[in-house]
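A.B. asks: Using the sequences and the hints given, assemble the complete structure.
The lines below spell out each chain.
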Amino acid sequence: MSEELLNEFPHVVKSEDGLLLVEADQIIEVCTFLKNKGFDFLEAISGADFEEYLEVIYNIASYSKPDRVMLTVRISKDNPILPTVTSLWHGANWHEREAYDMFGIKFKGHPKLARILLPDSWDGYPLLKSYPLDKEQKVELEDETGVEICQI
Amino acid sequence: MDREYVTDKIRRSMGRRILTDEEVSGWWIIGGIVTFGLLFLLLFLKLIHRRNEHFKRQKMLEEQIIELVGIDLKDKKMLADLKAIHNEGYESGEFKDLSFLRIIPAIITLGLYIEWRLTKDLMIHAERQRRFFSCYLGRELEDTTPQRPTGKYLGLGVVTLGLFGIYWTNLIIKDSNEHFKDQWKLEDLLPEAGMEIDEGVDPDFYKNIILTTVDKFLNWGRTCSVWPMAFGTACCAMEMMATFASRNDMDRYGMIFRNSPRQADVLIVAGTITQKMAPRLRRLYDQMAEPKYVIAMGACAMTGGPFVNSYSVLKGVDKVIPVDIYLPGCPPRPEALLNAFLQLQERMKEERTVTKKFERWILKDRKEVVT
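Chains as they are written, first to last, in the working numbering: chain A, 1 to 152; chain B, 153 to 523.
Calculated directly from the structure, the hints in this document are not laboratory data. These numbers come from a predicted model, not from an experiment. Every residue gets a Cβ at the ideal spot worked out from N, C-alpha and C, and that includes glycine. Please note: incorrect hints may appear among the correct ones.
Stated by the list, open to error - From the structure, some residues in chain B lie toward chain A, with a derived Cβ separation under 7 Å:
| id | residue |
| --- | --- |
| 1 | Asn371 |
| 2 | Lys428 |
| 3 | Asn461 |
| 4 | Tyr463 |
Unchecked claim - Derived lysine-lysine pairs resembling DSS-like cross-links, with alpha carbons at most 25 Å apart:
| id | chain 1 | residue 1 | chain 2 | residue 2 |
| --- | --- | --- | --- | --- |
| 5 | B | Lys467 | A | Lys135 |
| 6 | A | Lys138 | B | Lys272 |
| 7 | B | Lys428 | A | Lys129 |
| 8 | B | Lys229 | B | Lys272 |
| 9 | B | Lys428 | A | Lys106 |
| 10 | B | Lys428 | A | Lys138 |
| 11 | B | Lys428 | A | Lys135 |
Said to hold, decoys possible - Below, a sample of chain A positions facing chain B; criterion: calculated Cβ distance under 8 Å:
| id | residue |
| --- | --- |
| 12 | Asn59 |
| 13 | Tyr63 |
| 14 | Ala114 |
| 15 | Leu118 |
| 16 | Pro126 |
| 17 | Leu133 |
| 18 | Lys135 |
| 19 | Val139 |
C.D. replies: Right, here's the structure in full:
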């Protein structure tokens, strides 16, 4: 499959360890191409912090072939914005929210880009290498009338 | 064991004296004569209770002093002596509670039996106690409790058909009161002197037999049906399930899992609590009905455990809810959880629901006077 993809998109590079490196502005086209080729299941979207840049890894699989592809997108740390793929696979919703939660990667066009695992009041993105582990966070719980009942 | 901890315990034993060493008034005897002996029965019960409580407290105090000497371990001979004198109390039956049923032979012998027993016990106790504290303080203390010729008194009592018992009872009350006063003075002389009183224990209502019996009944019911809430968040939950499964079978202690906090008595925090979960945990705790207890199971719930350096793990559930029992282990074995429950039962037996309510009701007026 990767040969087919490489022929279609000349900008996609195959690295030594078999990763397909995709440009950030091309990701939606590549994904649409794969979806049309029968890749109907998005296994996971995960992030990684490489100090100089952030990486987003898409694991896409096909039930019918069976086959799987692993796409990697490198984005800058200063402006981590990517287009969302929720229009292609609805399952991407939570994965993108998690990537946003942990790495602060913003997915443009996402239906509800909010924190999913951490409390809403969380400050910072804990899986970034720059995040201090002993950082104090303030977590609150209010009841229906807005009275604070718990604070950490 | 820490020296300060033991000293603290000694002070608490001393503080208990406002509960145990109750001064009995001589008016009881007049009341007994007026009611043709009826109040004497109550008086005897009171005296027996007072004897039991005082001796129990002294036993605790002596044990703690021996512990303290054992920690210092400067004088091995003194420690051995103290232990020997302390053990005499077991041999003579002094440390054994005098059963309230002894009132039956007392009725038959016109009270002479119980008077004889109480006089004898006090004499043995005071003598042994004097030797104990002489040994501990390193100087001879004088014997303040008068020696009563019990055999002669018994004979006089029989001859006068029990009338002498009235005078004898008066002597018992006087001697005991004197002994308590001397004992208090002696305790204040100790190097570890100082009183610490457990708050929430009101001396006047503590011994109310009706309320404490109701409390005992309620506690019996509660300890025999501890219903925990199924709240497993991590691997400790597996051990929790194992505890409730057939091999350890917690059901035989009357512990059945409830899935609603409204029906549960105890919240087992089995596993890691993240900061996002913490407010929910607090809400679940708030939803439980009183009286409620919490067992922090495993290292994570106690302190954060292996994840203590993580960004999102709560460092101990006691930051959010009050914890009764800390259960270490990673995860604790089912036997350990079982033990935690047994410990919790011991704790629940100390609960004083009705007594406290009555206390509050009474003290409501009294506090207004004080303040």
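A.B. asks: Run every hint past the structure and note whether it holds.
C.D. replies: Cross-check of the supplied hints:
no.: 1; hint: Asn371; in the structure: violated (30 Å)
no.: 2; hint: Lys428; in the structure: holds (5 Å)
no.: 3; hint: Asn461; in the structure: holds (6 Å)
no.: 4; hint: Tyr463; in the structure: holds (4 Å)
no.: 5; hint: Lys467(B) x Lys135(A); in the structure: holds (13 Å)
no.: 6; hint: Lys138(A) x Lys272(B); in the structure: violated (67 Å)
no.: 7; hint: Lys428(B) x Lys129(A); in the structure: holds (22 Å)
no.: 8; hint: Lys229(B) x Lys272(B); in the structure: violated (30 Å)
no.: 9; hint: Lys428(B) x Lys106(A); in the structure: holds (22 Å)
no.: 10; hint: Lys428(B) x Lys138(A); in the structure: holds (10 Å)
no.: 11; hint: Lys428(B) x Lys135(A); in the structure: holds (15 Å)
no.: 12; hint: Asn59; in the structure: violated (25 Å)
no.: 13; hint: Tyr63; in the structure: violated (33 Å)
no.: 14; hint: Ala114; in the structure: violated (13 Å)
no.: 15; hint: Leu118; in the structure: holds (6 Å)
no.: 16; hint: Pro126; in the structure: holds (4 Å)
no.: 17; hint: Leu133; in the structure: holds (5 Å)
no.: 18; hint: Lys135; in the structure: holds (7 Å)
no.: 19; hint: Val139; in the structure: holds (5 Å)
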